[in-house]
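2 protein chains.
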Amino acid sequence: MELLRHKVISEGIVLGQGVLKVDSFLNHQMDPFLMREVGREFTRRFAGEGVTKVLTIESSGIAPGIMTALELEVPLIFARKQKSLTLTEDIFVEKVYSFTKKESNEITVSKKFIAPGERVLIVDDFLANGEAAFGLARIVEQAGGTVAGIGIVIEKAFQPGNRLLKEAGYRVESLVRIASLDEGVISFVEDEAEPAD
Amino acid sequence: MELLRHKVISEGIVLGQGVLKVDSFLNHQMDPFLMREVGREFTRRFAGEGVTKVLTIESSGIAPGIMTALELEVPLIFARKQKSLTLTEDIFVEKVYSFTKKESNEITVSKKFIAPGERVLIVDDFLANGEAAFGLARIVEQAGGTVAGIGIVIEKAFQPGNRLLKEAGYRVESLVRIASLDEGVISFVEDEAEPAD
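So the protein sequences, as listed, match chains A and B. Numbering follows full-length UniProt numbering, with no gaps: position 193 of the first sequence is 193. Numbering follows full-length UniProt numbering, with no gaps: position 82 of the second sequence is 82.
For the record, the hints were derived by calculation from the structure and aren't laboratory data. Any given hint might turn out to be false.
Any copy, or any two copies together, can satisfy a pair, since identical chains are not distinguished.
27 Å max Cα-Cα, derived BS3-like pairs, lysine-lysine [to be verified]:
| hint | residue 1 | residue 2 |
| --- | --- | --- |
| 1 | K21 | K83 |
| 2 | K112 | K95 |
| 3 | K83 | K7 |
| 4 | K101 | K112 |
| 5 | K95 | K7 |
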């Protein structure tokens, strides 16, 4: 997705240890036109999958998620992150470890909102080790639903998330794939046919 | 806004102590068409205010915020909530007390994203005591910007937020105003001319 790649190159800031800061258009300040295009692109890619709901995780997944849901004409659900829980009767709970923040969170979705048989598209802003995507997928499956696909805005292809998710049988579509952030330089995975933007 | 009022009546659940649960279309599952209409309605109401940015707070403000930003053709910023902070050099910080959760959070916005002279529209999902809106307004003013207005999806008009914000000189526009949740019944403030939906 050329527009997104351009944004990553022009505004992304490489911090140490494989961290890419994109807080000017995705993680803190958000570009609504870019988010709409992200939603349209996920819709093009997953149009044939019979998606009944989009599932994301707070907070940075919500904007791409709602735009995708708008284009696909289905509801969005965002999973909540919580440190610890006492009442868990009416919610699905999965533990997700963040390598960036070095902490575990419980992610939760109300049982009301995913019914058996639903086809759920998972959308998230970043894919690195795949922890969040696997946690969301386990919630869909706990509910008796099917993961229709996993749509990622920015993938760190030098981390194993994409490979692990594909090995587990999921269809993963990343709008940009970063091959390396070494020495502060952003380079992309180029060896793929990309749909024209 | 008739569509929203209908959603509140048909799907809102009154819990004890003045709490209205709207997690089927606003706070957990989200209706993307309703969010788009919310964005269009805020844009109609604040079109003449010269808005340069929309500011909201994670997580439930993000969907109405991004739709408003899309219609107004400006960026969205979402303030982050944090329990405590160590490094505060590059961020604006304000303390916000949540009466619902009975806890204080620090809300933060990077100094990069609000410049002196900006006209910032604050958007949030709920208005009760006005704590979050005042915190966001203080951040805008710390940055040397002006609050162009405050757009609220659901106002609890039986709590003092609206009055306090107006007394402080802010323009507040709430899309629905709830007069009372007493005895589990949702009643609206009816004595206002509302723009036709």
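Determine which of the earlier numbered hints do not hold for this structure and return their numbers in increasing order.
Hints 3, 5 are the ones this structure does not satisfy, whereas the remaining hints hold.
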